[in-house]
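2 protein chains.
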Amino acid sequence: MTAVAPSAVLDRLKATLGPGGWSDDPDRLAPKLVEWRERWHGATPLLVLPRCTREVAAVVAICAEAGVAITPQGGNTGLVGGQIPQGEILLSTERLRAVRDADRLDDVLVVEAGLTLAETHAAALELGRRFPLDLASEGSATIGGLISTNAGGTAVLRYGSMRGLVLGIEAVLPDGQVWDGLKRLRKDNTGYDLKQMLIGAEGTLGVVTAAALKLVPVLASRAVALAAVAGPREAIELLVRAKDETGGEVEAFELISRLGVELAVKNLVGLRDPLETITPWVVLVEIASASPGAAEALLERLLAHALEDQIIANAALAQSGEQAKAFWALREGQSATQKAEGPAWKHDVSVPISRIASFLETATARLGERFPGVRVDAFGHVGDGNIHFDVLAPVNGDYALHTARRDEGARLVHDLVVSLGGSISAEHGLGSMKTAEALRYKSPVEVAALRALRQALDPKRIMNPRVLF
Amino acid sequence: MTAVAPSAVLDRLKATLGPGGWSDDPDRLAPKLVEWRERWHGATPLLVLPRCTREVAAVVAICAEAGVAITPQGGNTGLVGGQIPQGEILLSTERLRAVRDADRLDDVLVVEAGLTLAETHAAALELGRRFPLDLASEGSATIGGLISTNAGGTAVLRYGSMRGLVLGIEAVLPDGQVWDGLKRLRKDNTGYDLKQMLIGAEGTLGVVTAAALKLVPVLASRAVALAAVAGPREAIELLVRAKDETGGEVEAFELISRLGVELAVKNLVGLRDPLETITPWVVLVEIASASPGAAEALLERLLAHALEDQIIANAALAQSGEQAKAFWALREGQSATQKAEGPAWKHDVSVPISRIASFLETATARLGERFPGVRVDAFGHVGDGNIHFDVLAPVNGDYALHTARRDEGARLVHDLVVSLGGSISAEHGLGSMKTAEALRYKSPVEVAALRALRQALDPKRIMNPRVLF
Chain A
0 MTAVAPSAVL DRLKATLGPG GWSDDPDRLA PKLVEWRERW HGATPLLVLP
50 RCTREVAAVV AICAEAGVAI TPQGGNTGLV GGQIPQGEIL LSTERLRAVR
100 DADRLDDVLV VEAGLTLAET HAAALELGRR FPLDLASEGS ATIGGLISTN
150 AGGTAVLRYG SMRGLVLGIE AVLPDGQVWD GLKRLRKDNT GYDLKQMLIG
200 AEGTLGVVTA AALKLVPVLA SRAVALAAVA GPREAIELLV RAKDETGGEV
250 EAFELISRLG VELAVKNLVG LRDPLETITP WVVLVEIASA SPGAAEALLE
300 RLLAHALEDQ IIANAALAQS GEQAKAFWAL REGQSATQKA EGPAWKHDVS
350 VPISRIASFL ETATARLGER FPGVRVDAFG HVGDGNIHFD VLAPVNGDYA
400 LHTARRDEGA RLVHDLVVSL GGSISAEHGL GSMKTAEALR YKSPVEVAAL
450 RALRQALDPK RIMNPRVLF
Chain B
0 MTAVAPSAVL DRLKATLGPG GWSDDPDRLA PKLVEWRERW HGATPLLVLP
50 RCTREVAAVV AICAEAGVAI TPQGGNTGLV GGQIPQGEIL LSTERLRAVR
100 DADRLDDVLV VEAGLTLAET HAAALELGRR FPLDLASEGS ATIGGLISTN
150 AGGTAVLRYG SMRGLVLGIE AVLPDGQVWD GLKRLRKDNT GYDLKQMLIG
200 AEGTLGVVTA AALKLVPVLA SRAVALAAVA GPREAIELLV RAKDETGGEV
250 EAFELISRLG VELAVKNLVG LRDPLETITP WVVLVEIASA SPGAAEALLE
300 RLLAHALEDQ IIANAALAQS GEQAKAFWAL REGQSATQKA EGPAWKHDVS
350 VPISRIASFL ETATARLGER FPGVRVDAFG HVGDGNIHFD VLAPVNGDYA
400 LHTARRDEGA RLVHDLVVSL GGSISAEHGL GSMKTAEALR YKSPVEVAAL
450 RALRQALDPK RIMNPRVLF
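Sequences listed follow chains A and B, in order.
In this text, residue positions in the first sequence follow numbering that gives the first Met the number 0: the first is 0, and each later residue adds one.
In this text, residue positions in the second sequence follow numbering that gives the first Met the number 0: the first is 0, and each later residue adds one.
Hints are computed from structural coordinates only; laboratory data are not their basis.
We put the CB at the ideal spot given by N, CA and C, even for glycine.
The hints are all genuine.
Pairs of lysine-lysine, DSBU-like flavour, derived with a Cα cap of 35 Å:
hint, chain 1, residue 1, chain 2, residue 2
1, A, K182, B, K345
2, B, K338, A, K182
3, B, K182, A, K441
4, A, K338, B, K182
5, B, K441, A, K182
6, A, K459, B, K182
7, B, K441, A, K459
8, A, K441, B, K459
9, A, K13, B, K441
10, A, K182, B, K459
11, A, K345, B, K182
12, A, K182, B, K182
Distance windows between CB atoms, simulated:
hint, chain 1, residue 1, chain 2, residue 2, range
13, B, H304, A, R240, 28 to 38 Å
14, A, V98, B, A29, 53 to 63 Å
15, A, R240, B, E321, 28 to 38 Å
16, A, T15, B, V98, 56 to 66 Å
17, B, A296, A, H304, 14 to 24 Å
18, A, E64, B, R410, 36 to 46 Å
19, A, R300, B, E321, 30 to 40 Å
Residues of chain B placed beyond 10 Å of chain A at every Cβ, according to the derived structure:
hint, residue
20, R27
21, K31
22, H40
23, E64
24, A65
25, Q85
26, A117
27, E118
28, N266
29, V268
30, P273
31, L274
32, H304
33, G372
34, A399
35, M432
Same shape as in the complex, but just chain A (with noise of 0.2 Å):
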């Protein structure tokens, strides 16, 4: 893999690809350089276009016989840097677009990889199914982007992550072979799954182009509430009810602390809390199910019962559809709304349910030590064990050194994290910003039999060679 791409390799790729193929446009590349929280700027010699899949074999083949490096890009939604180029030819998959299949009976969707969620959604909606991945950025992640960082989010609890959400892969291999996974199967045990290589590889065993996503019904009735809790084991406690009592049709229950809730209520617009009792925790619930009335009847009980045994000290049931996104934006303005409390030292970390309470309560009192005055916003996926532990500078404190310590502070957290059997990046991935952190913590084992399976399947490492091991 050479650092530079030689001009004759430009050359071909241009010829290639023709005109409206490829771009080296400044203006055009920009928005496709810089990360959305401008923490990654990037370089490339080429912007590539492709406009189908045996463009983007083309394109590989070239760079892979040259031994020039490829990073692959979605929706540049991606928050630890790993489709930001640092010099690499950029393949954007933003004109692999077509839905190619829609299947009732299958409960299947045929699409490409630069089909943003959003348009997922849609197009599973017109087929009276619906597909169950749920994340802020909808509207720019694409399904490749998606499939190649195992995408998570809300909905993981009752779904799974976009892991169990594929069942079959096409995608472009790192030496420009197209390989046809495209299968729509449930069931199929022909030797090793390759489509499950490709699923969180971050871009570095090929370029997925295409997918056949499972889709799952639409459900009849829909639930909302937030509690109030006393803390976190109180959260948990009402989390094991809630899947006992329904039988698995918990679609999200998440966390937020009481200074996420009121910093949510300060900082944005239009918001409010609709609890009555002030509690150091606020959990948000949400239940659907096939029979119409059923989630509210559902979340009632559950929440009646966790009243009287004082789990909960409050709750509040959404009245209304526009209710239920109100308290969804009290959770989905986290990230947002530390905007105005200076910088953020954010963890996108996981432990096992049984340990979160003692995750937060041993990392909160150990950074409070060392670092002190900085506030705690935790909130996230509680449900899965995934927990956004981001931490806020002081109250008028010094911004500067709290940048400064970022990965000091990172560090505790982490330690902490793996000691109690969790993982450093539940859902974002390494890309190449935690790739050095995540070998700290890594078995030499592991890590060598990963590094096998690349050097297997990439033995130039032309695939987004910066990122992971």
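Dock chain B against the given chain A, drawing on the hints supplied.
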């Protein structure tokens, strides 16, 4: 890899494991060297019986160093010869039987590879939870084998196959190193998911020694019915309605041919057909729900509407647990009942659900043309597109001739399956029996990738070398 283990290696293995840790007694070995249908007979110089992961690692390290091949074996229930050694060291997991942990908050059971599925079910129930993998051989099939074959069964429609039910794996890799991947996380995106390589690898990438399994709630109500349908198209229409009306609460959706029902009633003691109308096909539907009584109500409504719309001709709803079992016995007796009818060609195939009807029609017609008089007994997990398409000899036919033409029949069936986008091994795997057949259909691109991955993890090819590519 050497075909014959040098006696020095055998001596090292014996010394390492000590008395009781190995056997070469033919009587002790015999049941492990024959598959239960007696189709596969094997041979081994030594049976090793490690007591713990450390001992498994020691065995594999010794073999790896000497380049001696190993065949791992769990409950010896495999149907494709993958667990039967032909000269390899036979490594049984029968002594790895601990339940290492059970956690109600994490909804996790951590068990060793040699525990049977029935024992795993029991351990989950003790915790007030369910491990939702259901198949007929639960009394002997072990967790290690179920993982290594990515087992399916009757509840895949709702809960997925083993691949989706395993949160973490501990395994000894082909170089003898222990990989501790026993995480219990719902979200973890820190590089390729190594456990996905081991699931379904049929013992070719290492020995699974323990696993963290995902548990689900025990459901309060459960209802089973048989329904008479004119053909597979009507069955699929009923399936689509069942999924829509229940929001995914369909636990099982099985199809049985009329011949299958008749043979079960004729050959098995105590079975009867509860349906009043004789149609070419019968469907078994099971619904389960968290709300008491809800499953019965949902199933009754589904069947009433389907009768009204003439999708089904008649239905019988089980009135007791006893009767539900009797309905299931018609389905589960299909393999047993064929024994009285002479040799059968067995095909474990899957096709997209939208193609099931055309697969069954075309396959039956083509077989009838080429092999006049053969009788098709098709049954299986039609909700997953998985059909056990078995072909019996003609009544009073030449059994020897039928057996002799098995491969010819398989070729006809498999060609059709693949042309419809299906799989020639839906749930049984390839073992040593179907690998050559799979090579006919897999693309060279995929085979090359799978071989490179294997070579990366097991360069000496010591793990189950005759199995897979």
